[in-house]
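K.L.:
Residue strings, one per chain:
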Amino acid sequence: MAINKTKVLIIDDEKDLCFLFEKILTPEGYTVLTAQNGYDGIKINQKSNPDIIILDLKMPGIGGIETLRRIRKKDSGVIVIIITGYGDAETVREAADLNVYEYMAKPFNNEMVIKIIKEAVASKDKND
Amino acid sequence: MINTRSLIYVPVLHTQKEASEILLSLKADAAPLSVDTSLAEQEKSVKEMWDGIREKIQNTSISCSTIRIYQDAMPVCGREKEIAEKLALKASHNHQLILELVKNGANLEGTEDPNLLIEEYDNLSQLTSKAAVSIQCYRDSLNEYKEKGAKLMKQRDTFIAERIKISLKEGETPLVFMGVRHELEKLLQSSFVINYIIYRLPFKKVRDIYNV
Chain P
40 MAINKTKVLI
50 IDDEKDLCFL
60 FEKILTPEGY
70 TVLTAQNGYD
80 GIKINQKSNP
90 DIIILDLKMP
100 GIGGIETLRR
110 IRKKDSGVIV
120 IIITGYGDAE
130 TVREAADLNV
140 YEYMAKPFNN
150 EMVIKIIKEA
160 VASKDKND
Chain H
4 MINTRSLIYV
14 PVLHTQKEAS
24 EILLSLKADA
34 APLSVDTSLA
44 EQEKSVKEMW
54 DGIREKIQNT
64 SISCSTIRIY
74 QDAMPVCGRE
84 KEIAEKLALK
94 ASHNHQLILE
104 LVKNGANLEG
114 TEDPNLLIEE
124 YDNLSQLTSK
134 AAVSIQCYRD
144 SLNEYKEKGA
154 KLMKQRDTFI
164 AERIKISLKE
174 GETPLVFMGV
184 RHELEKLLQS
194 SFVINYIIYR
204 LPFKKVRDIY
214 NV
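Protein sequence lines correspond, in order, to chains P and H.
First residue of the first sequence? That's 40 in the numbering used here, and the numbers climb one at a time after it.
First residue of the second sequence? That's 4 in the numbering used here, and the numbers climb one at a time after it.
In short, the hints are calculated from the structure, not lab data.
Keep in mind it's a predicted model, so treat the numbers as computed, not measured.
Ideal Cβ placement from N, Cα and C applies to all residues, glycine included.
Treat the hints loosely; a few may be bogus.
[Stated by the list, open to error] Here are the simulated lysine-lysine pairs, DSS-like style, with alpha carbons at most 27 Å apart: (1) H:Lys-50 x P:Lys-157; (2) H:Lys-59 x P:Lys-157; (3) H:Lys-50 x P:Lys-145; (4) H:Lys-151 x H:Lys-20.
[Claimed, not checked] Derived contacts from chain P toward chain H, CB cut-off under 10 Å, selection only: (5) Thr-123; (6) Gly-126; (7) Asn-148; (8) Asn-149; (9) Ser-162.
[As the list claims (entries may be wrong)] Cβ-Cβ distance ranges computed for the label pairs, FRET-style: (10) H:Asn-146 x P:Asp-164: 22 to 32 Å; (11) P:Tyr-78 x H:Asn-118: 42 to 52 Å; (12) P:Ile-153 x H:Ser-132: 45 to 55 Å.
Just need the whole structure built from these sequences, with the hints factored in.
P.N.:
So, in structure tokens, the structure goes:
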């Protein structure tokens with residue numbers, strides 16, 4: 040899969056963070072979609088079929104883990120990277136059980152995130 | 004009285020090679036486990052995870068001399084430092100970091116019941132032997148390993164929680180390195196305020212998660 044065809048959906052209630060992801064990923068050739076809550080994230084995932092989801096855990100409404108549970112019911116294959124400022128042992132286990140590619144803490148290193156996304160895309164290509 | 008004693012909890016992942024080495028260190032006569040050692044990418048991601056954890060620990064304001072380290076799969080045996088040195092020499096980033104902290108004044112505590120760890124070794128040994136048969140055989144056994152491991156994990160966690168409570172001295176902060184499958188925090192949250200240190204957890208790179 041070429042990078043310029045790769046769609047990345049950001050689900051995070053922090054608008055600034057969504058903007059930051061657009062700023063760092065768009066010049067790399069990714070198409071960036073954003074949702075500020077879990078409900079919208081689930082809808083956009085169904086409609087736009089992104090390759091990768093970057094998911095926050097702590098959001099108003101349904102949290103990140105519940106959002107992911109609902110996404111997984113219909114989409115077992117999408118690559119999910121969790122990025123959270125409130126990581127704990129329980130959500131780490133839940134993430135592992137929900138087949139998450141990577142679990143990262145905020146604040147994160149931009150270069151590291153880009154590298155992980157590229158690796159995830161490469162692994163998807165390998166498996167497709 | 005409200006107990007506000009804090010505990011630093013670091014959920015960690017080990018590579019298959021590392022998990023095998025850790026469990027091998029428990030048995031003098033242990034046969035080497037069959038592991039896939041061709042996973043350079045896996046090693047790289049795990050090293051980055053440990054580099055990030057090291058940096059985050061350094062950024063805490065806690066003095067090393069007040070830290071007591073509790074380590075997943077570290078038996079209570081009186082030769083804990085020797086085991087950490089042996090594993091550090093075998094490139095375990097986890098144990099290399101422990102030795103750095105010990106050098107700076109931290110105490111390393113025997114953490115787990117050796118008998119329960121021998122059971123864990125036997126379970127993992129059975130699992131990895133299946134990898135030599137076929138991938139499908141290994142996959143089938145992995146589910147069995149997880150089911151069998153759940154009960155053992157509860158026993159291990161109960162022992163560890165008790166160990167932390169009885170060995171921790173006044174003024175010390177426990178620093179707990181625990182594999183992500185443990186549910187130890189559930190047994191500690193009534194006695195401690197738990198602060199997590201997480202940098203990255205590369206689940207997919209590590210592939211299968213074992214109980215160490």
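K.L.:
State for each hint whether it applies.
P.N.:
Hints versus structure:
1. H:Lys-50 x P:Lys-157: At roughly 18 Å apart (the allowed maximum being 27 Å), P:Lys-157 and H:Lys-50 satisfy the hint.
2. H:Lys-59 x P:Lys-157: holds, 25 Å
3. H:Lys-50 x P:Lys-145: holds, 19 Å
4. H:Lys-151 x H:Lys-20: holds, 21 Å
5. Thr-123: holds, 8 Å
6. Gly-126: Interface hint status for P:Gly-126: holds (4 Å vs cutoff 10 Å).
7. Asn-148: Holds, about 9 Å.
8. Asn-149: violated, 14 Å
9. Ser-162: Check passed: Cβ of P:Ser-162 comes within 7 Å of chain H, closer than 10 Å.
10. H:Asn-146 x P:Asp-164: 22 to 32 Å: Since the Cβ atoms of H:Asn-146 and P:Asp-164 sit about 28 Å apart, the hinted range of 22 to 32 Å holds.
11. P:Tyr-78 x H:Asn-118: 42 to 52 Å: holds, 49 Å
12. P:Ile-153 x H:Ser-132: 45 to 55 Å: This hint is violated: roughly 40 Å between Cβ atoms.
Of the hints listed earlier, those the structure fails to meet are numbers 8, 12, in rising order.
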